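Modelling step: build the complete structure from the supplied sequences, incorporating the hints.
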Amino acid sequence: MGQYVFLIRHGKPFFPDNKTFCIGSRTDVPLCDEGIKQAKAWIPYFEFIESIYCSPLLRSKKTAEIIASERIPVQEMAALREINVGSWEGKSFQEIRQQYPDLYQKRGEDWAVVPLGAETLEQAADRMQQVVLRILKKTAHNAVVVTHEGSIRALMYRLMKLNPKIDAMFRQPYGSVTVLNYTENELIVTAVGKMPDDGPSIKEIHELWDDCGTPINVREHCLAVWDECRRISNYLLDGKGAVSQKVLHAAALLHDLCRSSGRAHPQMAATILRERGYMKIAQAIEQHHCIREITGGIDEAGILYLADKRVCGNKKVTLEERFASSWSKCLTAEAKIRHQEQYNAAIRIQRMIEQGEGKP
Numbered sequence: 001m002g003q004y005v006f007l008i009r010h011g012k013p014f015f016p017d018n019k020t021f022c023i024g025s026r027t028d029v030p031l032c033d034e035g036i037k038q039a040k041a042w043i044p045y046f047e048f049i050e051s052i053y054c055s056p057l058l059r060s061k062k063t064a065e066i067i068a069s070e071r072i073p074v075q076e077m078a079a080l081r082e083i084n085v086g087s088w089e090g091k092s093f094q095e096i097r098q099q100y101p102d103l104y105q106k107r108g109e110d111w112a113v114v115p116l117g118a119e120t121l122e123q124a125a126d127r128m129q130q131v132v133l134r135i136l137k138k139t140a141h142n143a144v145v146v147t148h149e150g151s152i153r154a155l156m157y158r159l160m161k162l163n164p165k166i167d168a169m170f171r172q173p174y175g176s177v178t179v180l181n182y183t184e185n186e187l188i189v190t191a192v193g194k195m196p197d198d199g200p201s202i203k204e205i206h207e208l209w210d211d212c213g214t215p216i217n218v219r220e221h222c223l224a225v226w227d228e229c230r231r232i233s234n235y236l237l238d239g240k241g242a243v244s245q246k247v248l249h250a251a252a253l254l255h256d257l258c259r260s261s262g263r264a265h266p267q268m269a270a271t272i273l274r275e276r277g278y279m280k281i282a283q284a285i286e287q288h289h290c291i292r293e294i295t296g297g298i299d300e301a302g303i304l305y306l307a308d309k310r311v312c313g314n315k316k317v318t319l320e321e322r323f324a325s326s327w328s329k330c331l332t333a334e335a336k337i338r339h340q341e342q343y344n345a346a347i348r349i350q351r352m353i354e355q356g357e358g359k360p
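The UniProt record's numbering numbers the first residue of the sequence shown as 1 and each following residue consecutively.
These are computed hints drawn from the structure, not numbers from a lab. A couple of the hints might just be wrong.
Restricting the straight-line Cα-Cα distance to at most 30 angstroms, the calculated cross-link-like pairs of lysine-lysine (DSBU-like) are [as the list claims (entries may be wrong)]:
1) K61 - K40
2) K329 - K315
3) K203 - K61
None of the values given here were measured: they were computed from a predicted structure.
So this is what it looks like as structure tokens:
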């Protein structure tokens, strides 16, 4: 699988009077309230990360610090800065169109065209490729790298061999993640500009089933689990916590994606989903055999966990029926303890729903 680099565009910066303008490496602005929320949204999904890097600019630094949550140190690297936009720095886009109409038009036709005094696309691509490779050499693990849209775009241009005159300019929303896989000394782009609540299309789900050889009976089980997830979530729409139907749908249909691979199949499926930038879905799938303690409202992971335990094959069953049928498979003391823990967790979630939202 190699190493993964999760390139995150910083959260939305503060623009005075809500007017946007062109900001590059020479403009240092903080995050706005929305930008802080965008950074906080990633905290639960990068708890497994051991290394986090950022540029020295405030908008990148603050985003990284929020994601790290004082769990690990944030390491600044000057080479992760935003591109130098030259004479366009600090100008509104209306000013740019008025003062540089010809150049503005040319850049619309070829995004390798840059303003006077700006860093070229090739220079930015060289800088970003080199710094990412340096980061990978510094750590044996996956890494989060908080940087800037222009710098990420330059790296995508290089790695994806894009033609700025033909290919569309990649846009990454504030607070989005772009994923790189480093295998056999090669950086490969596996996802671009994904947000926490993003999910795969039905077509992509079917492609994943086919690619992973998910058997028909397992697909039928996943569809039945989705029906149960939907039934449970109907009781939570105005309750504790926000439940994303898109995330829940994908997590239900893909939770047993790699079941043919044995006991580690939740982790294997989660790795595949993280590679595609679906971080929230990956986390829910990873927990469908062993869920973490729920401290707030019921979320997608909790609903998936309970729904999976209330479906046997493609049939709806009670928790007692499901766990009674699987007890005979527990041949060791350790397996019996794990079985009891899973049952207790399912009962806790079910009671939370019964007490807070009515019995599903």
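Hints, one by one, checked against the model:
{"no.": "1", "hint": "K61 - K40", "result": "holds (13 angstroms)"}
{"no.": "2", "hint": "K329 - K315", "result": "holds (19 angstroms)"}
{"no.": "3", "hint": "K203 - K61", "result": "violated (37 angstroms)"}
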